[in-house]
Amino acid sequence: MTSEFITNFVYIISSVLFAFGLKLLGSPVTARKGNILSSVGMFLAIAATLASGHIISFQWILIGIAIGSILGALVAFRAAMTQMPEMIALLHGCGALASVFVDWTAYHVHGAPDIVNAITLLISIVIGGLTFTGSAIAWGKLSEKLSGKPLQFTGQQIVNILLIGTIAVLGVMFVMDPTRYDLFLIILGLSLVFGIFLVLAIGGADMPVVISVLNSYSGVVACTTGFVIHNTLLIVVGALVGANGIILSIIMCKAMNRSLGNVIFGGFGAVKKKSGDTTKKDAKPMSVEDAYLILEAAKSVVIIPGYGLAVAQAQHAVNELSKALENNGCDVKFAIHPVAGRMPGHMNVLLAEASIPYDQLMEMEAINPIMETVDVSIIIGANDVVNPAARHDKSSPIYGMPIIDADKARTVFVLKRSMATGFAGVENELFYFENTRMIFGDAKQTVQALVAEFKSSH
Amino acid sequence: MELIYLLFILVLSVFLGFALISKVPPLLHTPLMSEANAICGIIIIGALIAAGAEAESPLTIFLGTSAVALATFNVVGGYLVTERMLKMFKKSGSTKK
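Residue numbers (this note's numbering), protein chains in the order written: chain P, 1 to 458; chain E, 1 to 97.
Treat each hint with caution, since some may be false.
[To be verified] Result set (DSS-like, lysine-lysine): computed pairs, CA atoms no more than 25 Å apart in a straight line:
id: 1; chain 1: E; residue 1: K90; chain 2: P; residue 2: K444
id: 2; chain 1: E; residue 1: K87; chain 2: P; residue 2: K299
id: 3; chain 1: E; residue 1: K23; chain 2: P; residue 2: K444
id: 4; chain 1: P; residue 1: K284; chain 2: E; residue 2: K91
id: 5; chain 1: P; residue 1: K299; chain 2: P; residue 2: K284
id: 6; chain 1: E; residue 1: K23; chain 2: P; residue 2: K323
id: 7; chain 1: E; residue 1: K90; chain 2: P; residue 2: K23
id: 8; chain 1: P; residue 1: K299; chain 2: P; residue 2: K455
id: 9; chain 1: E; residue 1: K23; chain 2: P; residue 2: K299
id: 10; chain 1: P; residue 1: K455; chain 2: P; residue 2: K333
id: 11; chain 1: E; residue 1: K90; chain 2: P; residue 2: K394
id: 12; chain 1: P; residue 1: K333; chain 2: E; residue 2: K23
id: 13; chain 1: P; residue 1: K323; chain 2: E; residue 2: K87
id: 14; chain 1: P; residue 1: K145; chain 2: P; residue 2: K284
id: 15; chain 1: P; residue 1: K455; chain 2: E; residue 2: K23
id: 16; chain 1: P; residue 1: K33; chain 2: E; residue 2: K23
Think of the hints as simulated: they come from the structure by calculation, not from any bench.
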């Protein structure tokens with residue numbers, strides 16, 4: 001009784017430390033302290049559980065901890081910052097699978113003693129199962145081991161509905177008679193299959209939403225497992241993580257102007273090719289030398305990075321350009337669209353890795369009101385997120401999506417390989433604007449050439 | 001009834017989560033997500049109880065040990081990668097020589 005009390009008391013301390021950790025993540029100044037506090041909370045929770053008297057044999061625990069620690073440390077230190085979305089997907093999957101295994105053990109040993117237990121167990125293995133395989137597929141797509149294209153076949157909706165229906169019917173049967181071990185296994189199996197179908201059908205461009213949704217699910221699973229094994233700390237943490245996933249999913253959906261249902265069930269394949277607007281306009285190319293002359297005279301520059309910047313590995317070159325401009329007395333800011341990277345906040349991490357100070361990184365809402373006062377905006381590897389058609393062209397597939405108003409700057413530079421369209425396959429009218437100049441070529445080489453111009457003239 | 005008491009905790013925690021996380025700036029959303037992964041590894045305490053109970057069968061040993069390994073992977077991987085990312089965020093001035 002008293003040992004139970006002490007364990008639960010430590011769990012309260014852990015919850016407080018986790019909450020404080022998240023609170024301190026509210027500012028980059030305190031964030032590292034938050035991470036440390038949170039890990040102390042985790043350590044206390046583990047220590048209290050080990051000392052609780054529930055644990056009889058330590059042999060298998062030590063083996064498990066050793067394997068998990070070695071693999072975790074290896075992956076954490078070796079993952080490149082561009083690979084962060086895959087790493088996160090992998091962690092979602094592992095967390096969900098661990099929860100499913102804990103549920104399974106509880107069911108195997110104790111069965112489901114009452115109806116509440118049977119229902120929570122059911123929800124837990126269904127969401128846990130589909131989160132595990134869904135995360136595995138997301139990992140495969142993000143690491144380009146699988147095709148990023150949405151994989152859809154005719155009758156897919158019907159198959160999905162049949163799967164959900166079967167799981168529901170079997171679920172009801174399981175709740176009526178929780179001793180049916182066979183039903184437990186079949187439901188788990190079907191949930192695993194459902195997770196595969198669900199994420200295979202979603203395209204690579206929608207992965208920021210998928211990752212956020214899976215994050216939310218991994219929290220929900222921890223929570224339901226908490227109900228299965230009657231553990232309050234699991235419920236608290238599961239709720240925190242679940243809320244996190246929901247908030248990030250909403251932010252990502254808003255940034256792409258799509259509803260959650262549309263992302264999960266729609267696929268992005270259906271872009272109507274518009275043939276109405278055939279008036280051929282000419283984009284105006286510009287040489288690096290001329291671009292330098294304009295930048296040399298500029299007092300304020302906003303750089304708008306897209307994922308193309310990371311693909312071209314141009315982050316460090318961009319940092320040099322930013323330094324060169326600043327040494328020339330110019331104010332340099334970076335405008336970050338919420339979906340500029342492959343997951344929420346990804347572009348910020350990529351730029352921070354290239355030692356670009358975080359106070360130069362501006363959110364879309366903060367930069368748009370001052371875009372009109374900017375001398376030059378430089379678009380590197382971004383396309384759809386600066387397409388003005390999103391503001392006025394109702395026929396455009398990206399209409400309504402919030403964009404960075406790059407076109408409002410006095411001069412717009414677009415660094416681009418060719419005139420190809422972006423993810424959404426939409427023509428970008430910005431390229432033909434009066435104040436737009438195209439600088440064709442590899443983004444990294446162009447930026448390096450600009451830096452060289454600055455160096456040679458000083 | 002215990003269920004009500006657990007639901008009570010759940011509802012309040014969801015509110016706490018929304019209040020805390022809506023304050024995190026988009027700048028830190030990637031580390032936020034890896035931090036969420038790390039604390040989601042709290043499932044380890046369930047896994048420890050599963051793996052440390054008197055072994056009933058090879059199945060429970062396998063499930064318990066795997067769960068401990070997977071949850072530890074989340075905890076260690078999550079915290080370390082968050083630390084790695086947060087270390088890179090620097091204010092201007094501190095990066096100039």
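Violated constraints from the hint list, given by number and in increasing order: 2, 3, 4, 6, 9, 11, 14 and 15
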